[in-house]
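**Student:** Chain residues, written in single-letter form:
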Amino acid sequence: MSPDTPPLDPIFGRLTLDAIPYQEPILVVTFAVVALAGIFAVGALTYFRLWGYLWREWITSVDHKRIGIMYIVLAIIMLVRGFADAIMMRLQQAIAFNGSEGYLPAHHYDQIFTAHGVIMIFFVATPLIVGVMNFVIPLQIGARDVSFPYLNNLGFWLTAVAAILVNVSLFVGEFSQGGWVGEPPLTGAEASPGVGVDYYLWALQISGLGTIIGGINLLATIIKMRAPGLTFMKLPIFCWTSLCVNALIVLSFPFLTIAVTLLTLDRLFGTHFFTADFGGNPMAYVNLVWIWGHPEVYILILPALGVYSEVAAVFSGKRLFGYTSMVYATVSITVIGFVVWLHHFFTMGSGASVNGFFGLMTALIAIPTGVKVYNWLFTMYRGRVRFEVPMMWTISFMLTFLLGGLTGVLCSIPAADFQLHNSLFLVGHFHNVAIGAIVFAMMAAIDYWFPKAFGFRLEPFWGKLSVWFWTVGFFVAFLPIYVAGLSGVTRRTRVFDDPSEQNLQILFVIAAIGAFIALLGVVFFLVQLFVSIRNREALRDTTGDPWNARTLEWSTSSPPPEYNFAFTPVVHDVDAWADMKARGYSRPSEGFKPIHMPRNTATGIVASVLLLIFSFAVIWYMWLVAGVSFALLLLVLIGHTFNYNRSFHIPADVVARTESERTRLLAQQG
Amino acid sequence: MTTTTTLSHAKDGEAPVFYLTEEHDHDGHSTVIGFWIFLMSDVLLFCGLFAIYAWLGGHYANGPSPLDDGHGGQLFHLPVVAVNTVIMLASSFICALAMVETRKGNVGPALKWFGLTALFGVAFLYNQVTEYGHMAEIGATYQTSAFLSCFITLIIAHSFHVLTGIVWVAILAVQVLQHGLNPANERRAVCFSMFWNFIDITWVCVFIFVYLMGVLR
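Chains A and B, in that order, are what the protein sequence lines are. Residues in the first sequence are numbered consecutively from 1, following the numbering used here. Residues in the second sequence are numbered consecutively from 671, following the numbering used here.
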């Protein structure tokens, strides 16, 4: 720091009242809405005396089902925020023609596209897949919990506080304007001296930490906690894709950590990793970030493909076609996914051989992916296909994903990529796969597993409307984007001031209309949740197996008891539950034993909140607060290791009571 | 339902077992594999730092280089580094002795060897601090060049691991004194020894790839 900078306030650092953006009407209104909603929520919780319940049963819970649901709730809230950003961008681009500046100043617009990307990847897609994996995996492998229940809780809260950090930046200071991967030198100390990039870096750092912890946990869970007889080649495909995904998380997220840490060092301490002078090289950051970033793409998409495999088999009433080839396809995608990162920057100039290698590897991924698509088609072929909502998402996915996959192969050709790089065509491509595969899969997953989680189905009518509006909205929004990209429009453009591009306005107007149609898809999904909760008695499922499904999670009650299975299941076949049903499995009704379960802990949330305070303090250079919160954080984490009393037994009579209640419900069914 | 009949026949009419009636508590059955996976991700963290060093480590920006500190001396003092390497390797050996005693359940000797491990760790850190304090004195700092940024970050990352190990073993010692070498503490000791060996191996890589190859470059 130069000597003429005024000394920092010892407590508030560089945080002053000017950091509150009260001169921006959009933000003030947003803040008012958020504050009102917050006051309403707090008031309601207090009025209904739910704080104790929330604390005991959810916040400190180590139950994998509860944690999974909390991840999904977080993701849905953040989806609303991310979607609002998308609508704002679409409106801006539709207006900003013929001399109009649009309604968003550059400083605000740049934050919006950055926040949209960061939120959708880190706080919507990632929590959705982690949440679904958390909920489903232990049930599918016949386990009672995960390997490390406390770490599971900690991982969730780290993700949650990182999401809070991003939202704090909306009202205190600013967010990064450097795009969702934050490439220097634009995000370096010189070009972005403000707090925006710091918010970005700390949010990524903390959520990355949470994801690694979750990845280690689920990987160990799948390896160590499978039910007897459940060998790897009998594992449900969703578990296989999750196994590969968590391996990818553990192998790739350290590189994100490194990239983010080194950029933080550059900004805080003036090191020269990614600066343009003193020997630094910004491309080093770009490489590191994409060594993580491309596997991240597969981290998000593989669980989606796993969901489709489950759904396709169940709703076609058949065993999944080509189980073994599905496993090998998944593993191939996992391995090849690690040697394609350079296709994100063919234009770096690494020469024909390097570009050729990475282009070839990228195109190669289309083969195992194609194998999967054919497997789903053959699963449906001559099956009795039931057009329930999850199946409709799956069919919509197959059509949408085909287009996204093909444009991806197109981009994989280095010569073509030089034209398409940084254009809206690329934006079209990755939204095509992100929405068509990941969002649709998570919608299907929520519809499919909702009855398992809550004991009642989701109203299909609104679900089907959601499918149609999302699908149509997607195509209306992104086909014009593809065309605009082929016409040469670069991504992240705020104002179209070139006279030669004025005829493109119609494309952006259509795209904006498409965005609103897709927004209706989101709204109908929320309506579906609301209507279903209201009509829950009519939609109640007491069988535990409303879809006539095939895997173990459907063998227990809905919602499952805290211990999942009164007796650990023994597996003989792929699709264990279908096998059990076919061979006349009868539910045991006596001989219950006490069940060993992990105890709840508050360490996860306390540590995460301290880390939130620490990161906020570092962002604003509040060194005193940072020091104190860090010391407290260490104390809490170390203190936790002195707790040896981490598990308890559910008494046999409690188990017997729970199970006889289920027997009664099943008998009512007849 | 033809498949069903085939499956049942395959079992020779015997009723299939679909659940276990007897089970045992399985505390900590995943701890060691979980720790292995964590170490794997930590290895990759260092891989990233080594890769950046391999790329930018030769960019001296007219500042100090391994063989020239700008004041007529060498920046890398191999004798100091050699001593530190010996300390590190020896501490790993001592840690192994501690593990032998831990396996036998001998609290006293185990704690003695663990204490010595930590002491060697402290000696290592002392050498590191003096060495890099000296570098800072002659103006070879974090901000001087990409080479020094990478180099010092790598060293700090490693030293930070050593420090973590020392704090860890101190806490573990308190816990062993409280609860003895119960299964939980034994698992923790196993994880600690894995961690300490990992730090040692990482240092060997630093020694070879940074110091030896640095002076040969």
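Hints were generated in silico from the structure; no laboratory data involved. Here the structure is a predicted model, which means the values were calculated and not measured. C-beta atoms are modelled at their ideal positions from N, C-alpha and C, and glycine is treated no differently. Some hints here could point you the wrong way.
No more than 20 Å apart at the CA atoms, straight line, and that leaves these computed lysine to aspartate or glutamate pairs for DMTMM-like [unchecked claim]:
(1) A:Lys224 with B:Glu693
(2) A:Lys593 with B:Glu856
(3) A:Lys224 with B:Glu807
(4) B:Lys782 with B:Glu856
Covered by chain A, per the in silico footprint, the following chain B stretches (three or more residues, Cβ under 8 Å) [as the list claims (entries may be wrong)]:
(5) 698–709
(6) 724–731
(7) 809–820
**Student:** Taking 20 Å as the top limit, are the C-alpha atoms of A:Lys593 and B:Glu856 close enough?
**Tutor:** violated (29 Å)
**Student:** Within the assertion that chain A covers the stretch 698–709 of chain B, do at least three residues meet a Cβ-to-Cβ distance smaller than 8 Å?
**Tutor:** holds (count 6)
**Student:** Check the hint pairing B:Lys782 with B:Glu856 against an upper bound of 20 Å on the C-alpha distance.
**Tutor:** holds (15 Å)
**Student:** For the stretch 724–731 of chain B, does the count of residues with a C-beta closer than 8 Å to a C-beta of chain A reach 3?
**Tutor:** holds (count 5)
**Student:** So is the stretch 809–820 of chain B in contact with chain A by the C-beta rule, three or more residues under 8 Å, or is the coverage claim wrong?
**Tutor:** holds (count 8)
**Student:** So if I understand the rule, the pair passes when the alpha-carbon distance is 20 Å or less; does A:Lys224 with B:Glu693 pass?
**Tutor:** It holds: about 15 Å lies between the C-alpha atoms, which stays within 20 Å.
**Student:** Please work out if A:Lys224 and B:Glu807 have their alpha carbons no farther apart than 20 Å.
**Tutor:** violated (52 Å)
Going through the hint list in order, the structure does not satisfy hints 2, 3.
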